[in-house]
Structures are given as C-alpha cells and as structure tokens.
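S.K.: Sequence:
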Amino acid sequence: MTARLCCLLVALLLVGCAVTPSPELRRETARRMATAAGWESLRLPAGAFTLAGFVPRQVQAGDTLTVYIEGDGLAWTSSARVSPDPTPVRPLALELALRHPHGAAAYLARPCQYVEGVEARNCDETWWTDRRFAAEVVAAADQAVTQLKQRFQAREIVLVGYSGGGAVAALVAARRSDVGRLVTVAGNLEHRAWAELHHLAPLTGSLNPADAWPALAGLPQLHFVGGQDRNVSREVAASYQARFPANQRPQLRVIDEFDHACCWAEQWPELFR
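Quick note on our numbering: the sequence shown kicks off at 1 and runs consecutively.
By construction, these hints were calculated from the structure, which means they are not laboratory data. Be aware that a few hints might be false.
[To be verified] Quick list of simulated restraints, FRET-style, between CB atoms: (1) 199 x 64: 38 to 46 Å; (2) 43 x 124: 16 to 24 Å; (3) 57 x 121: 21 to 29 Å; (4) 234 x 200: 15 to 23 Å; (5) 249 x 64: 18 to 26 Å; (6) 249 x 126: 30 to 38 Å; (7) 192 x 124: 19 to 27 Å; (8) 77 x 150: 32 to 40 Å; (9) 135 x 201: 14 to 22 Å; (10) 230 x 82: 20 to 28 Å.
Model, not experiment: these values are computed from the prediction. Note that the Cβ used here is the ideal one computed from N, Cα and C, for glycine as well.
Sequences and hints are given; from them, build the entire structure.
M.R.: This is the structure:
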C-alpha cells in the first residue's frame with residue numbers, strides 16, 4: 001500500500017475518534033483511497049437501487065473476478081438513533097479490495113452507501129436496519145455482480161463479504177451458478193443468532209444466510225472470524241456452520257488476535273490465497 005493511502009487511513013481514523021465524519025467526507029475519503037490505488041468510482045443501476053462501486057482504471061480481464069461487498073456501514077449513530085446515511089466511516093471491504101493480492105477485483109457498496117440526490121432512489125432507513133438483507137437488497141447485489149462480471153469479461157466469480165456484506169455475499173452466491181468460492185471476513189452469516197447474542201430485535205425483514213445452506217452446500221467456502229470480535233463472534237459463525245450436514249460444513253478460520261476491524265486489511269494479502 002502506498003504511503004499516501006496510509007496517510008488517508010490514519011487521517012480518517014483520527015477524525016472518527018473526534019466526531020462522526022459527514023457523508024460528504026466519508027464519500028470523499030473513499031474516493032481518494034481508491035484514486036491513490038489507481039481505481040475509479042462507478043454507478044450500477046440494479047433493481048430498486050443505484051449501487052456504488054470502485055474498479056481499477058485499467059480493467060484486467062480474466063477468467064475469475066473477485067467482488068468485495070461492503071459491510072453495513074454507519075447504520076446507527078447511537079444505540080437509539082438510526083443514521084441518515086449508511087456510508088461507512090471506515091470502508092473495510094474497500095481496503096481489502098485495494099489489497100487484493102492477485103487477479104481481477106472490484107468493490108461493491110451496499111444500498112444507499114456513497115450515493116446522493118437522484119442516485120439515492122428508494123433510500124430509507126429500513127434498507128440499512130431491519131431489511132439490510134432483504135430480497136430486494138440481494139437481488140440488486142446479484143444484478144450488480146452480473147454487470148461487473150460482464151465488464152471484466154469473467155467466467156467465474158469469487159465473492160468476498162465483510163461483516164453484513166458477508167451475509168449479502170452468501171445470499172447472492174446461493175442464487176448463482178457461476179460462483180467458484182465464497183469468502184467472508186467477520187461475516188454475519190446467522191443474523192438470528194447475532195440478534196440473540198446482542199439482545200436485539202430480530203431482522204424480520206431480512207433473509208438469513210443460514211437458511212440458504214442447501215444452495216450453498218458443496219460450494220467452497222472460507223469464513224474468517226476474529227477471536228476478539230465482540231460484534232460478530234465465533235458463536236455466530238458456528239451457528240451458520242452447524243446448519244450444514246457434518247460432511248459438508250464450510251471451513252471456519254479463527255484468528256485469535258483479530259477483532260471485528262483489526263487487522264484484516266493489514267494482513268489480507270497473506271490471508272487471501
């Protein structure tokens with residue numbers, strides 16, 4: 001990673017410690033991160049939404065495209081207040097994408113992240129709270145992945161999802177026949193178990209990745225879990241894993257010293273192989 005990109009990340013973290021950055025600053029920070037790495041932004045009309053993404057300026061066509069899907073972002077500004085804009089303060093999935101070690105890669109944001117004005121069509125807070133994994137959200141991501149696949153002239157897709165993006169990645173994978181591998185990082189793969197763990201109301205408007213296990217059985221999967229993660233703990237991943245037959249259970253890899261955010265991006269080139 002370039003020194004310029006490192007400085008941008010440090011500045012963002014320092015600002016985040018003092019006050020939540022504005023949506024404008026969050027959008028600009030992501031744009032600068034991508035630009036520093038030779039990537040550019042794009043918009044993908046997909047179902048009910050216009051989804052934001054970032055791709056390399058120089059398209060690297062190849063058989064396999066890895067698509068990184070962002071987490072839930074800034075869904076809440078406090079335990080009782082929903083955020084008016086879910087654009088992430090720290091776009092960790094973008095950091096992972098920019099450190100993709102080999103082959104073609106693209107980044108896909110979640111509904112209503114990074115967009116404004118007419119591009120923020122159909123954006124209301126339910127799409128980053130109760131309905132964050134709704135059928136409409138999954139359908140939009142699925143359509144966007146197809147557009148990215150065509151852009152890169154790829155034959156096979158690898159999906160990588162961070163946090164709530166892991167749920168979306170799993171649900172998209174369950175709909176497609178061209179996904180060769182599913183990888184999640186701190187992925188919320190069983191949101192009923194997650195809600196119970198945190199004594200939260202269930203996400204009744206959302207699909208649950210664990211319920212899609214029949215469509216995912218047999219798909220190569222690797223799910224990274226931080227041993228210190230108090231948000232999406234290993235119990236959540238284990239609940240997902242337990243839904244599969246014993247001889248088809250997906251692989252979990254627990255990194256004892258990592259938590260929900262640290263230190264996935266820094267170690268990603270070594271972890272993703």
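S.K.: Which hints, by number, does the structure contradict?
M.R.: Hints that this structure does not satisfy do not exist here, as all of them hold.
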